[in-house]
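S.K.: Sequence:
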Amino acid sequence: MAILYNGDQGLFTIHTNNTTYQMKVDSFGNLLHLYYGGRTDGSAEYLLTYADRGFSGNPYEAGSNRTYSLDALPQEYPALGTGDYRSPALAVENADGSVCCSLHYHSHLIKKGKYTLPGLPSMYGGPEDSETLELCLKDQVSGLTVFLLYGVFPCYDIITRAVKVENSGNEPLVLKKVHSACLDFLYGDYHWILFYGRHAMERNWQRTEVAHGAQVIGSRRGTSSHQYSPFVILAEKDATEDTGSCYGMSFVYSGAFKAEAEKDQYSQTRLLMGLQDEQFSYRLTSGGIFFGPEVILSYSGAGLGTLSRQFHRGIRRSLCRGRYKLSPRPVLINSWEAVYFDFTGDDIFNIAKQASQLGVEMLVLDDGWFGKRESDTTGLGDWFVNEEKLGGSLKSLAGRINSLGMKFGIWIEPEMVSEDSLLYRSHPDWAFTIPGRKPVMGRSQLVLDFPGGRWWTTCLKPSARCWTALTSNT
9 MAILYNGDQG LFTIHTNNTT YQMKVDSFGN LLHLYYGGRT DGSAEYLLTY
59 ADRGFSGNPY EAGSNRTYSL DALPQEYPAL GTGDYRSPAL AVENADGSVC
109 CSLHYHSHLI KKGKYTLPGL PSMYGGPEDS ETLELCLKDQ VSGLTVFLLY
159 GVFPCYDIIT RAVKVENSGN EPLVLKKVHS ACLDFLYGDY HWILFYGRHA
209 MERNWQRTEV AHGAQVIGSR RGTSSHQYSP FVILAEKDAT EDTGSCYGMS
259 FVYSGAFKAE AEKDQYSQTR LLMGLQDEQF SYRLTSGGIF FGPEVILSYS
309 GAGLGTLSRQ FHRGIRRSLC RGRYKLSPRP VLINSWEAVY FDFTGDDIFN
359 IAKQASQLGV EMLVLDDGWF GKRESDTTGL GDWFVNEEKL GGSLKSLAGR
409 INSLGMKFGI WIEPEMVSED SLLYRSHPDW AFTIPGRKPV MGRSQLVLDF
459 PGGRWWTTCL KPSARCWTAL TSNT
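Residue numbers (the working numbering): 9 to 482.
Hints are supplied without guarantee of correctness; some may be wrong.
Stated by the list, open to error - Derived pair list, reagent style DSSO-like, types lysine-lysine, alpha-carbon separation capped at 30 Å:
#1 Lys120 / Lys146
#2 Lys415 / Lys446
#3 Lys446 / Lys380
#4 Lys361 / Lys397
#5 Lys397 / Lys415
#6 Lys361 / Lys403
#7 Lys361 / Lys415
#8 Lys361 / Lys380
#9 Lys415 / Lys333
#10 Lys403 / Lys333
#11 Lys333 / Lys380
#12 Lys119 / Lys172
#13 Lys333 / Lys172
#14 Lys403 / Lys380
#15 Lys146 / Lys119
#16 Lys172 / Lys146
#17 Lys415 / Lys403
#18 Lys184 / Lys446
#19 Lys361 / Lys333
#20 Lys333 / Lys119
#21 Lys184 / Lys172
#22 Lys333 / Lys120
#23 Lys380 / Lys397
#24 Lys245 / Lys172
Calculated directly from the structure, the hints in this document are not laboratory data.
Given these sequences and hints, build the entire structure.
M.R.: So this is what it looks like as structure tokens:
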């Protein structure tokens, strides 16, 4: 068993091949985080430190015991309003306007196989290679129920985290912040490793000391973005590629996100990852359920290289899907840098012909094959083939490429639209805008509201149906 529960001690222990993760339900029903690191046996409760915390806030049930404070103790899923002034994983506005939530252990479930998240990407596994721990926490006043989900992949040394929030009370609540994973470290001086960038210069490495206060990265763009990758590492200061302890968090979500590393007044470090909480406000009516996306955790005691390989193995084998997930990718050439928008079908074929002689296995036809697309200011959204430009159909061009023994791929960006397009002129209401305001443009493009734009699957076929879809009001 990868997941062990000791009822006498209230102790939950998760083992992978080389790591151990441990937490404990204490005498007040609070779920404390004890340990995450190299594999070990026994209880790590001895790591907890109790000292006079009279200026940190003490729970009412602790009475006159000033050595007990959630502002100092390591928590598994900290919520705002409990006297913990570090950054929380959860913030809830109650029906009376108060922002407070106090979560206590209620029950748990251990089962073979990996949990799933409705409508969200996540790692997957069967009973032979994974296990699930589901911890149920409740706020007795509001009726809010929080399910902490742990997926364990022993052979990858990976533990996944996700959260399910359910309003079991009678009044509506508003979720103001929902992070999926938290790691509290009682000891250690760490470096914070992140990956920043921009267009054409992605994934730059930055390593800085975790100093007192909070260090935050994230995206407010609605996408995870190449400005900041939704992946961070907390590493010992002397950790290298081959030696030292390091912890990785990877957010399995393509939307806006936030990651925080905070060193507190007692030199303890908290690492958080989840949804971006700026402008986040989710109304949860009675009976309503909200899922926070998954975070993949992994620990290495043998440096950054081992950590990287653990993530690679787990993601490749149990996150990627389909029959091609383990297949070697073809060597390809993309038409973009060679010709941009200025090409004919013969130009594309000649590129493929020369590339095939060098052993290139696939040609991808990039932008410019559709509509009146002669620059990046026009035509986006008009997904019908420009046969005049190609000198024939897309099928005939693909056949010519295939005759060279090469595969043929094509570029498409169905989520965007140009103002100078048939689609936008027919349906400007299909683009996301703020009513009554001029839009902010990016590369002369707007984003389409997909539920309203059911047109594009039809427009991939060069026929009269495309023109009908572009000009209809359905």
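S.K.: Indicate, hint by hint, whether the structure satisfies it.
M.R.: Evaluation of the provided hints:
Proximity of Lys120 to Lys146 is assessed by CA-CA distance (about 24 Å); at most 30 Å being required, the pair is judged to hold. Distance restraint check for Lys415 and Lys446: the Cα-Cα separation of roughly 43 Å exceeds the 30 Å cut-off, and the hinted pair is therefore not satisfied. Among the hinted pairs, Lys446 with Lys380 is consistent with the structure: their alpha-carbon atoms are about 24 Å apart, no more than 30 Å. With a C-alpha separation of about 19 Å, the suggested pairing of Lys361 with Lys397 holds against the 30 Å cut-off.
For a cut-off of 30 Å, the pair hint linking Lys397 to Lys415 stands: about 21 Å separates their Cα positions. Pair hint Lys361 plus Lys403 holds up; C-alpha atoms about 17 Å apart against a cutoff of 30 Å. Proposed proximity of Lys361 and Lys415 is supported: the alpha carbons are some 12 Å apart, at most 30 Å. With a C-alpha separation of about 27 Å, the suggested pairing of Lys361 with Lys380 holds against the 30 Å cut-off.
With a CA separation close to 18 Å, the supplied pair Lys415 and Lys333 stays within the 30 Å bound. Among the hinted pairs, Lys403 with Lys333 is consistent with the structure: their alpha-carbon atoms are about 27 Å apart, no more than 30 Å. A C-alpha spacing of about 36 Å is found between Lys333 and Lys380, which places the hinted pair above 30 Å, so the restraint is violated. Among the hinted pairs, Lys119 with Lys172 is consistent with the structure: their alpha-carbon atoms are about 17 Å apart, no more than 30 Å.
Taking the CA atoms of Lys333 and Lys172, the gap is near 29 Å; set against the 30 Å cutoff, the hint holds. For a cut-off of 30 Å, the pair hint linking Lys403 to Lys380 stands: about 19 Å separates their Cα positions. Our distance criterion of 30 Å between C-alpha atoms is met by Lys146 and Lys119, whose separation comes to about 21 Å. Pair hint Lys172 plus Lys146 holds up; C-alpha atoms about 12 Å apart against a cutoff of 30 Å.
Restraint check: the Cα-Cα separation between Lys415 and Lys403 comes to about 13 Å, which is no more than 30 Å; the hinted pair holds. Under the criterion of a C-alpha separation no larger than 30 Å, the hint pairing Lys184 with Lys446 is consistent with the structure, at around 29 Å. Restraint check for Lys361 and Lys333: satisfied, since their Cα atoms lie roughly 28 Å apart, inside the 30 Å limit. Distance restraint check for Lys333 and Lys119: the Cα-Cα separation of roughly 27 Å lies within the 30 Å cut-off, and the hinted pair is therefore satisfied.
As the CA atoms of Lys184 and Lys172 are separated by approximately 15 Å, the hinted pair is consistent with the 30 Å bound. Taking the CA atoms of Lys333 and Lys120, the gap is about 24 Å. The hint holds against a cut of 30 Å. Between the alpha carbons of Lys380 and Lys397 the distance comes to roughly 10 Å, so the proposed pair stays at or under 30 Å and holds. For the proposed pair Lys245 and Lys172, the alpha carbon gap of about 35 Å is over 30 Å, so the pair is violated.
Hint compliance for this structure: hints 2, 11, 24 are broken, all remaining hints hold.
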